[in-house]
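Trainee: Let chain A serve as the given structure and place chain B on it in line with the hints.
As they're listed, the protein sequences go chains A and B. 1 is the number of the first residue of the first sequence in this note's numbering; add one for each residue after it. 1001 is the number of the first residue of the second sequence in this note's numbering; add one for each residue after it.
Everything labelled a hint here was simulated from the structure, so no lab data went into it. Worth double-checking, as some hints may not be accurate.
To be verified - Below, simulated BS3-like cross-link-like pairs (lysine-lysine); rule was C-alpha separation at most 30 Å, straight line: (1) A/K12 - B/K1126; (2) A/K75 - B/K1081; (3) A/K230 - A/K209.
To be verified - Coverage of chain B stretches by chain A, computed from C-beta distances (three or more under 8 Å per stretch; other residues unrestricted): (4) 1114 to 1127; (5) 1135 to 1143.
Owing to the predicted nature of the structure, the values given are computational and were not obtained by experimental measurement. C-beta atoms are modelled at their ideal positions from N, C-alpha and C, and glycine is treated no differently.
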Amino acid sequence: MKSLSTLEVRHKCQNCDLRADRFFCNFSDPVLQSFYSLKITNVYPKGATLFSEGEPSSGVYMLCQGRVKLSTYSKDGKALILRIAEAGELLGLSAAISDSPHEATSEVLDQCQINFVRRLDLLRFLQEKAEAGLSALHQLSRNYHTAYTQVCSLGLSATVGDKLIKLLLGWCESSNGGNGKIDLKLTFSHEEIAEMIGTSRETVTRLLKELRERDLITMEGSNLCICDHKRLEEAVGTRVRPRSQAVTSVTRSQ
Amino acid sequence: MPLEEKEIRLTKSGRAFSGFLELTLNADQILMLQKLGKKRLLRPGERLLSVGSIVDRVYILKAGAAEILAPGSNGEGQMMKAVGPGEILGLTEALAGTTSNFSISATSESVFTEIPREEFITFLRKDADMCFDLVSMMATAFVQCIHVVSG
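Isolated chain A, as found in the complex (with noise of 0.2 Å):
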């Protein structure tokens, strides 16, 4: 039978070489061996549903490896991307916590190695173990931080094209760039990318297109390279417009 994962699983957690400093798991040993013998280990394919918006909470999930997306639905079926989850988050904490239903939907983007804890469980751990509670405290607080974020993004912005520009240049915060020039590796589909800013595949599309001829964009592939970053902070609040009009509309008025 052909083996689904193609992961490198990671069993034990006290000899675990994925654990960074932002991993929820970053525990020091006698805590880590507490948090061992609660968890269970399962690999996910991409697509798989790990919870969706509205079902009570079972507990929560370590994410080891891989990535997965968040979602929200409106009314008549329209995906939100909240975000995208990476490695050393655990999904579904606050509801696991305030006992709600999950405020999201999560699928797996990329094959993902997962430690579900469950949630009575995760809650005598949190009340016996300061160290995991302070763990989750950073965690609610950077999930509240990064919901902040978009929600103003999206709620403050006054185009699609500057949700847009927002969007790639929260990309670029974890990227490093010299000269003001920033490569990034596209992941998304421009569906998906539509999903985060609430709007259409189209438009992203057409936006995207207009970001290059006005020079502050270069794709190649699933290669997308930020010609400046400051000129692409300044085209905010600016109307998305190719070049070749804006050179137009300045022979017109001369």
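Mentor: Chain B alone, transformed into the frame defined by chain A:
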């Protein structure tokens, strides 16, 4: 206007939004935490935090009142929420390492306890009960926040 709508509001123009997380401590918790910090007095109109300022302290409003202001479309602060004694301020910013999303000003003679971030974290590392109480409060407030936004 219902309280929830007032707390987090996306108007038709999409300009007014507040995602302030209300975290209110009880008397025992205030008593415990005030030992960690020092007292700070603010007169009406004096500012505790400004939008974009680095938050390296956690503040507890012990007495008096304060208002939470978010930047409006005209660049001026819009009053989003009034808070009273027991409110813990700057916690998510201090923990997430972000700058302040809001301006906070006293609206009456107010007494705050200000606790340096590192001391607060050191205390939480040893006190599982306080940690769990804050986690519960924050998770509940966050879920409410999301529900209001998603409608």
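Trainee: Just pull the numbers of the violated hints for me, sorted ascending.
Mentor: none
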